[in-house]
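Start from the sequences and build out the full structure, keeping to the hints where you can.
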Amino acid sequence: MQISKIYPMKRIAILTLAVIIFSTNIGHSFCGFYVAKADVKLFNKTSQVIIAKNGESQTVTMSSDFEGDVKDFAMVVPVPVVLEEKDIRTVSRGLFDKLDTYSSPRLVEYYDENPCYDRLENYNYPMAGAAMDMKMSMKEMSPVDTMGVTVEAQYTIGEYDILILSAKESGGLETWLIQNGYKMPVGAKEVLDPYIKTNMKFFVAKVNLGNYESQGAVPLSPLQITYKSPKFMLPIRLGMANANGVQDLIIYLYSQTGRVETTNYRTALIPTDFKVPLFVQSEFGEFYRDLYNKAWKREGKNVVFLEYAWEVSPMQNLFCDPCVGDPPMVAELKEAGVDWLVSKGQDYHTGGNVYEGHVHFTRMHVTYDREHFPQDLVFQETPNKQTFQGRYILTHPASGDFTCEKGQTYIQDLGKRRWNELYTYQWLTGRDITAHYDYPKEFDTYLNKKGDQGKKQGSMIPSFGSDGPMKEEKNKNSMLVFFMSMLSLAAVFFALSRKRVQIETSK
Amino acid sequence: MQTGSLPIAQNALKTAFKPVKDVLNWFKSDARHYQILFQLAFLLYGIFALEWDIPIMRVNIVILSCLAVQAAWIQFKTKDWTGLKSALVSAMSICLMMQANSPWTFVLAAALSIGSKFFIRWNGKHIFNPTNFGICVTMMLTGDAWVSPGQWGSDAMLLFAVGLTGLVVLLRVKRLDTAFAFLLTFLGLMFARNILYLGWPVDFFFHQLNAGSLLLFTFFMITDPVQTPVSQKARLIWAVAVGVLAYYMSTKWWSSSLGSFYSAAPIWALFFLSPLVPVLDRFLKGEKFSWSK
Chain A
1 MQISKIYPMK
11 RIAILTLAVI
21 IFSTNIGHSF
31 CGFYVAKADV
41 KLFNKTSQVI
51 IAKNGESQTV
61 TMSSDFEGDV
71 KDFAMVVPVP
81 VVLEEKDIRT
91 VSRGLFDKLD
101 TYSSPRLVEY
111 YDENPCYDRL
121 ENYNYPMAGA
131 AMDMKMSMKE
141 MSPVDTMGVT
151 VEAQYTIGEY
161 DILILSAKES
171 GGLETWLIQN
181 GYKMPVGAKE
191 VLDPYIKTNM
201 KFFVAKVNLG
211 NYESQGAVPL
221 SPLQITYKSP
231 KFMLPIRLGM
241 ANANGVQDLI
251 IYLYSQTGRV
261 ETTNYRTALI
271 PTDFKVPLFV
281 QSEFGEFYRD
291 LYNKAWKREG
301 KNVVFLEYAW
311 EVSPMQNLFC
321 DPCVGDPPMV
331 AELKEAGVDW
341 LVSKGQDYHT
351 GGNVYEGHVH
361 FTRMHVTYDR
371 EHFPQDLVFQ
381 ETPNKQTFQG
391 RYILTHPASG
401 DFTCEKGQTY
411 IQDLGKRRWN
421 ELYTYQWLTG
431 RDITAHYDYP
441 KEFDTYLNKK
451 GDQGKKQGSM
461 IPSFGSDGPM
471 KEEKNKNSML
481 VFFMSMLSLA
491 AVFFALSRKR
501 VQIETSK
Chain B
508 MQTGSLPIAQ
518 NALKTAFKPV
528 KDVLNWFKSD
538 ARHYQILFQL
548 AFLLYGIFAL
558 EWDIPIMRVN
568 IVILSCLAVQ
578 AAWIQFKTKD
588 WTGLKSALVS
598 AMSICLMMQA
608 NSPWTFVLAA
618 ALSIGSKFFI
628 RWNGKHIFNP
638 TNFGICVTMM
648 LTGDAWVSPG
658 QWGSDAMLLF
668 AVGLTGLVVL
678 LRVKRLDTAF
688 AFLLTFLGLM
698 FARNILYLGW
708 PVDFFFHQLN
718 AGSLLLFTFF
728 MITDPVQTPV
738 SQKARLIWAV
748 AVGVLAYYMS
758 TKWWSSSLGS
768 FYSAAPIWAL
778 FFLSPLVPVL
788 DRFLKGEKFS
798 WSK
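Residue numbers (our numbering), protein chains in the order written: chain A, 1 to 507; chain B, 508 to 800.
A hint or two may mislead.
Over the 12 Å line for every Cβ pair with chain A, so calculated as not near, a few chain B residues [said to hold, decoys possible]:
1) Asn518
2) Ile627
3) Trp629
4) Ile634
5) Phe667
6) Leu671
7) Leu683
8) Phe687
9) Leu690
10) Leu696
11) Ala718
12) Val747
13) Ser770
14) Leu783
15) Leu791
16) Trp798
Quick list of in silico lysine-lysine cross-link-like pairs, PhoX-like style, CA-CA up to 25 Å [claimed, not checked]:
17) Lys228(A) with Lys86(A)
18) Lys334(A) with Lys228(A)
19) Lys168(A) with Lys759(B)
20) Lys86(A) with Lys275(A)
21) Lys740(B) with Lys792(B)
22) Lys334(A) with Lys344(A)
23) Lys586(B) with Lys521(B)
24) Lys584(B) with Lys795(B)
25) Lys197(A) with Lys759(B)
26) Lys795(B) with Lys681(B)
27) Lys535(B) with Lys795(B)
28) Lys231(A) with Lys584(B)
29) Lys499(A) with Lys586(B)
30) Lys334(A) with Lys385(A)
31) Lys632(B) with Lys795(B)
32) Lys632(B) with Lys584(B)
33) Lys297(A) with Lys275(A)
34) Lys499(A) with Lys792(B)
35) Lys499(A) with Lys535(B)
36) Lys231(A) with Lys334(A)
37) Lys499(A) with Lys740(B)
38) Lys441(A) with Lys406(A)
39) Lys344(A) with Lys231(A)
40) Lys584(B) with Lys499(A)
No lab work stands behind these hints: they were computed from the structure. Glycine residues also receive a C-beta, built at the ideal position from the N, C-alpha and C atoms.
Take a look at the structure:
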């Protein structure tokens with residue numbers, strides 16, 4: 001039987017070529033300079049959580065940007081064990097601000113050179129601070145012992161009165177909470193049973209008015225708890241209720257071996273490394289919010305987004321690229337719960353402190369509701385050391401004289417590039433771009449003769465022309481990749497075309 | 508009666524379509540062709556629709572390493588070069604399931620996968636599922652490799668595709684029993700615990716059921732026809748055992764310095780219970796599997 005080898009070969013070859021082309025990139029040696037960042041406060045009802053994991057020991061820090069009368073504040077969190085007093089503390093408010101600033105998506109800028117003559121480039125170093133403004137609804141409570149509910153422990157820590165409750169069944173716990181003035185959301189009852197049956201305790205915090213007043217009227221400090229448990233998860237289900245709509249959560253994770261990811265929900269990367277029009281600079285916050293919301297809908301509303309992943313071990317060199325705000329210092333890492341760094345004294349030459357230990361930082365952004373997230377988030381620590389960040393690129397045009405031939409080509413390419421940026425902007429955010437049709441034509445006055453500047457006919461998907469520093473390595477090896485691919489194809493071909501040979505066996 | 512033109516036309520048509528028919532016949536001659544094609548489809552889906560970051564270089568390295576190790580064994584032992592197709596199936600599985608930072612980790616995984624078929628044998632049959640062995644041992648040895656159970660998501664079309672293609676392959680290799688025994692055991696226990704005992708609402712269970720990684724494991728990993736027990740009764744016993752152990756590992760949150768077993772429990776359960784297969788084969792006889800019809 002004649003076996004035709006042409007058909008499978010062609011298909012695989014075309015696919016391989018397609019993949020090679022997609023992965024080839026034009027890299028720059030810079031990743032641009034930071035211009036702006038996207039605030040957490042642009043999202044509705046955003047909570048923030050830090051989780052630091054050291055084997056079975058976990059430290060969880062919960063943001064509490066409560067606005068209102070502190071008498072009305074109350075927080076209920078399921079925890080795996082009865083916490084001891086030494087395991088609970090408050091931390092500084094600025095900690096969340098720092099982490100948000102360090103890891104939020106950023107806008108960077110490049111400057112084109114004028115091809116008609118050599119110029120020194122102008123570099124800017126603008127830095128903006130970030131203000132956090134999140135809301136979390138809270139209730140008040142007071143301790144009472146009934147209905148199968150046991151108050152396992154009671155502490156006063158910082159400005160908080162804390163109870164650790166255990167319950168025998170959900171009805172009793174619900175009654176207890178309601179009787180203490182805690183309004184349970186309608187859907188919360190259905191998760192109490194599973195938590196109680198898996199031996200979870202309930203950490204309940206309210207404000208101790210005496211302690212609070214002594215501080216003066218300041219915002220509430222974040223609460224931090226440490227416990228030992230093999231369960232690496234975040235119980236988001238308790239926060240959901242049927243009619244409450246969608247909630248937003250940013251999770252900062254610290255781990256030792258590499259990136260953290262969810263095992264029961266898919267991780268999607270936020271769209272990154274796209275060139276966007278210059279006018280995004282004045283509206284970057286809203287731009288990112290729209291981009292995120294569109295991505296969230298596109299992915300089916302049931303994914304966890306990765307916004308940042310980087311190694312932040314004290315002894316390595318590159319904490320961020322480009323940097324938005326200062327990278328976390330060792331003191332801040334410790335405050336966030338990173339307790340595995342070992343001090344090794346001081347460096348002989350620089351006098352700086354030396355620490356042993358690796359720290360990896362992951363920032364997840366999840367927007368969840370009851371319908372799309374029926375399970376609590378379950379995490380696993382992976383050895384994944386690849387970096388990731390949300391980065392959007394402005395490219396400022398050159399200035400000066402464009403009358404030389406190269407200058408004319410530059411202006412034409414500029415027009416095409418700007419159309420590309422505009423359509424990218426539209427695809428990313430879903431916004432109407434008709435008001436910006438002048439943007440690609442802005443430099444037409446420099447043209448000696450008129451011509452079509454390459455306006456594309458409604459191309460909806462932006463091309464993959466990006467400037468990611470992380471993608472630079474792929475370019476260097478493109479010849480090697482091509483060669484290896486051809487070798488693989490030949491080998492696959494050979495393997496698939498083998499015929500079974502009748503072997504004479506002798507006994 | 509008409510003669511002449513019609514038979515000529517029919518012959519012309521037959522000649523034109525002969526190459527197509529030949530290719531189809533060739534394709535249908537070995538179940539591994541189906542496996543490779545489907546796995547390739549899933550890989551492309553993952554790369555383009557799910558935006559996995561799988562560099563083409565990694566695919567090349569895995570394919571070439573698997574084929575090389577298999578070729579060495581064929582050259583010096585079996586002389587049956589169609590064995591290369593099994594190596595291709597293993598290579599695709601590694602690309603689909605395993606992640607790692609360093610390309611050398613993939614070379615190791617490939618070598619361990621294919622090598623385990625030759626060096627860990629009992630009574631003329633390899634004990635471990637090659638890819639399963641390669642991935643688990645690489646995870647334990649290097650600390651550089653991992654499995655992402657969430658990488659598939661729960662898109663309905665994907666699940667349908669996995670189920671359908673899995674059925675096609677399993678019907679060919681007659682291992683539908685293993686798949687269903689495992690799946691029903693594992694999901695049955697999960698349902699009983701999470702919905703009946705703990706009281707989670709029913710969509711908690713559906714979310715579990717819709718995991719692409721679970722279905723991929725069920726239809727494409729645990730059902731390796733060469734490694735699974737030869738007798739049907741033994742296969743059912745063994746698949747149920749894997750289901751029970753997988754359930755236990757995922758609910759007890761087992762993790763150790765070797766890895767977190769709970770997240771990829773079925774894969775680890777298969778690994779730890781594979782040595783049971785030769786024991787079952789000893790007592791429950793059956794017909795040995797072969798790829799060609």
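Here is how each hint holds up against the structure:
no.	hint	in the structure
1	Asn518	17 Å, holds
2	Ile627	23 Å, holds
3	Trp629	21 Å, holds
4	Ile634	24 Å, holds
5	Phe667	15 Å, holds
6	Leu671	21 Å, holds
7	Leu683	25 Å, holds
8	Phe687	23 Å, holds
9	Leu690	18 Å, holds
10	Leu696	16 Å, holds
11	Ala718	7 Å, violated
12	Val747	24 Å, holds
13	Ser770	4 Å, violated
14	Leu783	26 Å, holds
15	Leu791	26 Å, holds
16	Trp798	8 Å, violated
17	Lys228(A) with Lys86(A)	13 Å, holds
18	Lys334(A) with Lys228(A)	17 Å, holds
19	Lys168(A) with Lys759(B)	21 Å, holds
20	Lys86(A) with Lys275(A)	49 Å, violated
21	Lys740(B) with Lys792(B)	9 Å, holds
22	Lys334(A) with Lys344(A)	16 Å, holds
23	Lys586(B) with Lys521(B)	36 Å, violated
24	Lys584(B) with Lys795(B)	20 Å, holds
25	Lys197(A) with Lys759(B)	14 Å, holds
26	Lys795(B) with Lys681(B)	12 Å, holds
27	Lys535(B) with Lys795(B)	21 Å, holds
28	Lys231(A) with Lys584(B)	48 Å, violated
29	Lys499(A) with Lys586(B)	12 Å, holds
30	Lys334(A) with Lys385(A)	21 Å, holds
31	Lys632(B) with Lys795(B)	9 Å, holds
32	Lys632(B) with Lys584(B)	14 Å, holds
33	Lys297(A) with Lys275(A)	22 Å, holds
34	Lys499(A) with Lys792(B)	30 Å, violated
35	Lys499(A) with Lys535(B)	13 Å, holds
36	Lys231(A) with Lys334(A)	22 Å, holds
37	Lys499(A) with Lys740(B)	33 Å, violated
38	Lys441(A) with Lys406(A)	18 Å, holds
39	Lys344(A) with Lys231(A)	31 Å, violated
40	Lys584(B) with Lys499(A)	17 Å, holds
Hint compliance for this structure: hints 11, 13, 16, 20, 23, 28, 34, 37, 39 are broken, all remaining hints hold.
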